[in-house]
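Numbered according to the numbering used here, the sequence shown spans residues 46 to 904.
Honestly, I wouldn't trust all of these hints.
[Stated by the list, open to error] Simulated crosslink set (DSS-like; lysine-lysine; CA at most 27 Å straight-line): (1) K269 / K304; (2) K196 / K283; (3) K265 / K213; (4) K602 / K614; (5) K713 / K766; (6) K304 / K355; (7) K213 / K250; (8) K138 / K196; (9) K262 / K196; (10) K580 / K614; (11) K474 / K431; (12) K283 / K250; (13) K580 / K602; (14) K250 / K220; (15) K355 / K431; (16) K602 / K582; (17) K213 / K190; (18) K431 / K404; (19) K213 / K138; (20) K614 / K503; (21) K503 / K404; (22) K220 / K138; (23) K283 / K213; (24) K304 / K404.
To be clear, the hints were calculated from the coordinates, so they are not data collected in a lab.
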Amino acid sequence: MIKKFDKKDEESGSGSNPFQHLEKSAVLQEARIFNETPINPRRCLHILTKIIYLLNQGEHFGTTEATEAFFAMTRLFQSNDQTLRRMCYLTIKEMANISEDVIIVTSSLTKDMTGKEDVYRGPAIRALCRITDTTMLQAIERYMKQAIVDKVPSVSSSALVSSLHMVKMSYDVVKRWVNEAQEAASSDNIMVQYHALGLLYHLRKNDRLAVTKMLNKFTKSGLKSPFAYCMLIRIASKLLDETEGGPLFDFIESCLRNKNEMVVYEAASAIVHMPNCTARELAPAVSVLQLFCSSPKAALRYAAVRTLNKVAMKHPSAVTACNLDLENLITDSNRSIATLAITTLLKTGSESSVDRLMKQISSFVSEISDEFKVVVVQAISALCQKYPRKHSVMMNFLSNMLRDDGGFEYKRAIVDCIISIIEENPESKETGLAHLCEFIEDCEHTVLATKILHLMGKEGPRTPQPSKYIRFIFNRVVLESEAVRAAAVSALAKFGAQNDDLLPSVLVLLQRCMMDSDDEVRDRATFYMNVLQQKQKALNAAYIFNGLSVSIPGLEKSLHQYTLEPSEKPFDMKTVPLATAPITEQKTVATSKLPEKLAPSRQDIYQEQLAAIPEFQGLGPLFKSSEPVQLTEAETEYVVRCIKHTFAGHMVFQFDCTNTLNDQLLQKVVVQMEPSEAYEVVHCVPAPSLPYSQPGSCYTLIRLPDDDPTAVSCTFSCTMKYLVRDCDPNTGEPDDDGYDDEYVLEDLEVTVADHIQKVLKPNFGAAWEEVGDEFEKEETFALASEITYRVGARFHNELTRNPGSSGGPFVPLWGETPTGFKSGTPHHLTLRTEEASRMRGETSSSNLKKSRRFSFQAP
């Protein structure tokens with residue numbers, strides 16, 4: 046009777062792997078039959094297969110047991126069975142690195158390599174080159190040269206590939222085989238030609254001129270191998286990254302007309318991935334990919350639509366011509382192709398086609414894997430940013446996807462997409478929150494539940510009917526795990542802090558939470574209840590909305606340092622560096638895994654570096670580090686850039702210097718700064734030595750003025766001073782004598798911006814009100830650039846002070862435009878700005894709030 050296995054049985058592995066429960070000791074015991082006479086080829090084959098299986102499964106063989114098995118296996122060379130002999134070659138390659146004295150088979154392999162049996166020669170070459178070291182390579186050099194130009198393609202390819210592997214081990218020896226490799230490159234066999242070209246390129250890849258000559262030779266003479274053509278295209282595109290256009294691009298473009306589809310696609314892919322490719326250069330590649338979209342071969346259709354999808358990210362207009370072909374692929378039997386076609390259309394389609402595309406996606410989205418579903422969600426997220434008015438259609442589609450089954454990455458992509466829609470379209474807030482509330486009723490992922498609860502606590506209190514979200518949040522306290530219950534308590538507190546009508550109900554719910562079984566939940570409920578009962582906006586802002594705004598790695602390090610040095614003085618949070626706002630990047634749907642450990646920020650790294658210098662240990666926490674400022678041109682003999690580090694009462698200027706002269710050694714390098722009278726240079730830390738092309742750093746410490754807190758702007762003249770010792774450019778050996786010299790640098794400016802820190806404030810409105818009205822100030826400024834105003838709209842722009850005003854430039858955070866304009870009539874604009882916290886000494890930038898009035902005239 047024949048037993049039939051269905052697909053599920055095959056996937057589960059039941060009965061499909063005869064080596065599943067192998068034990069190494071049992072296999073090594075069986076290997077003793079290698080010593081029996083006569084040799085049983087069938088049984089020996091089976092045992093060698095088991096050994097190779099164990100090695101490939103990662104089983105560790107000790108040196109002794111591997112060597113014993115290897116020596117026993119060498120007796121199998123007495124057999125003339127072809128299959129057994131080739132299996133011996135494979136085993137030699139696998140055991141070459143773990144057995145001792147493997148070179149004893151060198152004579153046997155050399156005999157097979159030069160013998161008359163072509164079926165042995167190729168595998169014997171590969172095995173021999175695997176066990177050959179640098180000292181033995183010259184002994185087989187003559188045989189290798191003959192093998193490279195052998196008339197049997199399998200032998201020639203084996204020799205070429207083995208030579209390529211040995212380039213890393215002995216480049217100089219293999220380089221002597223260039224003539225043979227060039228002869229092999231003219232072979233009629235496509236694989237020999239491909240392998241020969243690969244060896245020639247790797248021997249010359251560090252010599253740009255040689256690579257260019259090789260390209261010119263083969264592009265003019267032509268090649269028969271499509272694989273070789275693909276390699277030439279890749280080499281040419283790599284060179285094009287360093288140069289512009291010319292014959293190389295013409296060659297790649299000519300490959301679009303090649304007879305082989307593989308070469309055509311490789312050329313189109315190379316053009317598409319060029320970093321600075323114009324629309325004109327893209328056109329022929331897109332046309333070829335468009336033809337592939339209607340190919341009967343699924344692999345070509347998939348390759349074409351996948352590449353067009355990448356083009357649509359940077360050049361959507363270039364793909365618009367392919368929309369009709371892409372729409373035909375939506376009904377493709379291969380769901381991967383259909384998914385990529387849809388996502389490409391979402392990037393290139395017009396606003397009017399969004400509804401139709403969404404209906405087409407709905408028809409098959411349940412049939413594709415989670416991986417492709419994430420791709421669809423990412424495309425929808427990009428489309429939301431492009432056509433914000435279509436948010437309702439996309440929101441409904443995403444909510445339906447949330448109800449379907451799926452893994453964590455898929456659900457997280459949808460949740461992130463809905464959150465991004467809510468943040469960018471205020472009118473979609475209530476709809477999005479309603480969908481998320483429904484989702485967390487059955488959400489099994491703690492990370493997503495806590496993320497949604499945090500969003501509800503942030504956005505929910507500001508909706509017209511905040512009370513309707515209370516039920517969903519408190520249900521989490523009753524039904525969910527400890528982490529979700531704790532997040533729900535924090536969300537409830539935010540509702541009570543912002544809505545006076547809801548405060549009594551929230552206090553009752555928090556009182557119930559104080560009887561929770563988990564410590565964290567009880568502690569949070571007790572803490573928030575005591576804060577809310579005070580009914581003070583400042584307390585709510587500090588402890589409920591914004592909390593700590595310090596660097597977590599910095600806090601951990603400061604607390605650890607405090608425990609190492611016991612003191613009666615309590616721990617001061619002002620000694621911890623601030624958590625600075627990250628650099629804003631283009632929003633994308635996050636699909637990567639969460640980091641295991643929070644990495645230190647750029648400011649934390651600078652704090653640690655400066656604290657290691659004895660002269661800077663008493664400066665306190667680092668307030669801010671600026672971006673590097675170039676003080677020299679890039680082509681000058683010395684390249685210097687400065688990073689400004691701001692502390693409570695001091696500034697440290699870090700000068701990163703590079704010596705580009707190979708005949709000089711600089712020593713005792715310092716930068717002398719000449720400030721205004723208000724500033725005082727305290728100390729200079731020199732760079733001991735600056736050898737050629739090795740960067741080094743020197744520092745200058747300056748005390749900030751105490752008597753005039755408004756004098757935060759200053760220009761420093763900088764001069765680099767050093768001791769020069771001439772040296773030999775070849776050896777780098779310096780002369781005994783040296784002489785003092787100096788180099789004038791560009792002036793360095795310190796502005797208000799160097800004393801302003803952008804601090805993470807989850808709820809800026811609460812922090813704004815926390816400051817109070819005592820820091821308001823009214824001044825008149827002139828607009829420095831043309832600005833378009835919209836009635837009632839908040840805007841961001843950079844304004845400069847009137848030349849007649851004192852002080853430096855500043856950046857307003859937001860403002861309200863006046864409600865009416867009359868041509869030729871002066872108007873006033875009031876902007877509220879958040880500036881430096883006392884300019885220094887404090888660790889928060891929200892302690893100083895100013896309102897400024899700007900005069901301007903409508904055109």
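Here is how each hint holds up against the structure:
1. A distance of roughly 11 Å separates the Cα atoms of K269 and K304; the hinted pair therefore holds under the 27 Å criterion.
2. Proximity of K196 to K283 is assessed by CA-CA distance (about 33 Å); at most 27 Å being required, the pair is judged violated.
3. A distance of roughly 30 Å separates the Cα atoms of K265 and K213; the hinted pair therefore is violated under the 27 Å criterion.
4. For the hint linking K602 to K614, the alpha-carbon distance of about 18 Å falls within 27 Å, and the restraint holds.
5. The suggested pairing of K713 with K766 holds, with an alpha-carbon distance near 8 Å, which does not exceed 27 Å.
6. For the hint linking K304 to K355, the alpha-carbon distance of about 25 Å falls within 27 Å, and the restraint holds.
7. Proposed proximity of K213 and K250 is supported: the alpha carbons are some 13 Å apart, at most 27 Å.
8. A hinted pair counts as satisfied when its Cα atoms are at most 27 Å apart, and K138 with K196 qualifies at roughly 25 Å.
9. Among the hinted pairs, K262 with K196 is consistent with the structure: their alpha-carbon atoms are about 23 Å apart, no more than 27 Å.
10. Among the hinted pairs, K580 with K614 is inconsistent with the structure: their alpha-carbon atoms are about 31 Å apart, more than 27 Å.
11. Simply put, K474 and K431 have alpha-carbon atoms about 18 Å apart, close enough for the 27 Å limit, and the pair holds.
12. Pair hint K283 plus K250 holds up; C-alpha atoms about 11 Å apart against a cutoff of 27 Å.
13. Between K580 and K602 the alpha-carbon distance is near 35 Å, which puts this suggested pair outside the 27 Å criterion.
14. Of the pairs offered as hints, the one joining K250 and K220 holds, with about 12 Å between alpha carbons and a cut-off of 27 Å not exceeded.
15. Taking the CA atoms of K355 and K431, the gap is near 17 Å; set against the 27 Å cutoff, the hint holds.
16. Restraint check: the Cα-Cα separation between K602 and K582 comes to about 32 Å, which exceeds 27 Å; the hinted pair is violated.
17. With a C-alpha separation of about 18 Å, the suggested pair K213 and K190 falls inside the 27 Å cut-off, and the hint holds.
18. About 19 Å separates the Cα atoms of K431 and K404, which keeps this hinted pair within 27 Å; it holds.
19. Restraint check for K213 and K138: the C-alpha separation of about 18 Å stays at or below 27 Å, so the hint holds.
20. Restraint check: the Cα-Cα separation between K614 and K503 comes to about 37 Å, which exceeds 27 Å; the hinted pair is violated.
21. Taking the CA atoms of K503 and K404, the gap is near 33 Å; set against the 27 Å cutoff, the hint is violated.
22. Note on K220 and K138: the hinted pairing holds, with a Cα-Cα distance of about 24 Å set against a maximum of 27 Å.
23. At roughly 21 Å between alpha-carbon atoms, K283 and K213 fall within 27 Å of each other, so this suggested pair holds.
24. The hinted pair formed by K304 and K404 fails the criterion: a straight-line CA distance of about 39 Å is larger than 27 Å.
Hint compliance for this structure: hints 2, 3, 10, 13, 16, 20, 21, 24 are not met, and every other hint is.
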